[in-house]
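Hey, can you work out the whole structure from these sequences and the hints?
Anchor point for the sequence shown: position 77 equals 77 in UniProt numbering, and the numbering is continuous, going up by one each time.
Treat the hints with caution; some may be incorrect.
Computed spacing ranges between beta-carbons, pair by pair [unchecked claim]:
{"#": "1", "residue 1": "Asp73", "residue 2": "Lys3", "range": "24 to 32 Å"}
{"#": "2", "residue 1": "Ile107", "residue 2": "Val81", "range": "13 to 21 Å"}
{"#": "3", "residue 1": "Trp57", "residue 2": "Thr12", "range": "16 to 24 Å"}
{"#": "4", "residue 1": "Thr66", "residue 2": "Asp17", "range": "25 to 33 Å"}
Straight-line C-alpha distance at most 30 Å; calculated BS3-like pairs for lysine-lysine [said to hold, decoys possible]:
{"#": "5", "residue 1": "Lys19", "residue 2": "Lys60"}
{"#": "6", "residue 1": "Lys60", "residue 2": "Lys105"}
{"#": "7", "residue 1": "Lys55", "residue 2": "Lys90"}
The hints are simulated quantities; they were obtained by calculation from the structure and are not laboratory data.
Just so you know, even glycine gets a beta-carbon here, dropped at the ideal spot from N, CA and C.
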Amino acid sequence: MAKITYVEFNGTRHEIDVKPGMTVMEGARDNGVPGIDADCGGACACSTCHVYVDKDWVEKLPPKDTMEEDMLDFAYEPDPVTSRLTCQIKVTDDLDGLVVNIPEKQI
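And the structure:
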């Protein structure tokens, strides 16, 4: 299991054990973390699972592909460096300790 910390916009933290092979979005959805809407169910067809990855983790994640980059254009206040779609981040044991910050809203 990898412990992923989801930080709501108001500062509330949710530390969730997520099974490797799942996505960071699935970990949030399956554990009722508010702010990760995941309207498309993980198909990378919307931006409602947008987060800001903690700066210490940005370089440790696989790079964004073109589809994710395109969908991030529709996210609320995307950051060119830290914004990611959680449906595109596969959990591995190496992600133990990952921290993601949820934006004020999803669009």
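* Pair hint outcome, lysine 60 versus lysine 105 [Cα-Cα no greater than 30 Å] -> holds (25 Å)
* Could one say that the CB atoms of isoleucine 107 and valine 81 fall in the range 13 to 21 Å? -> holds (20 Å)
* Asked: So the hint says 24 to 32 Å: do the beta-carbon atoms of aspartate 73 and lysine 3 match that?
  -> holds (31 Å)
* To do: Compare the distance between the alpha carbons of lysine 55 and lysine 90 with 30 Å, and conclude whether the hinted pair is satisfied.
  => holds (18 Å)
* Is 16 to 24 Å a correct range for the gap between the Cβ atoms of tryptophan 57 and threonine 12? -> holds (19 Å)
* To do: Mind checking the alpha carbons of lysine 19 and lysine 60 for me, to see if they're no more than 30 Å apart?
  => Within the cut-off at roughly 18 Å; holds.
* Status of the given 25 to 33 Å range, CB of aspartate 17 versus CB of threonine 66 -> The hinted range 25 to 33 Å holds for threonine 66 and aspartate 17, with Cβ atoms some 32 Å apart.
Checked against the numbered hints above, the structure violates none of them.
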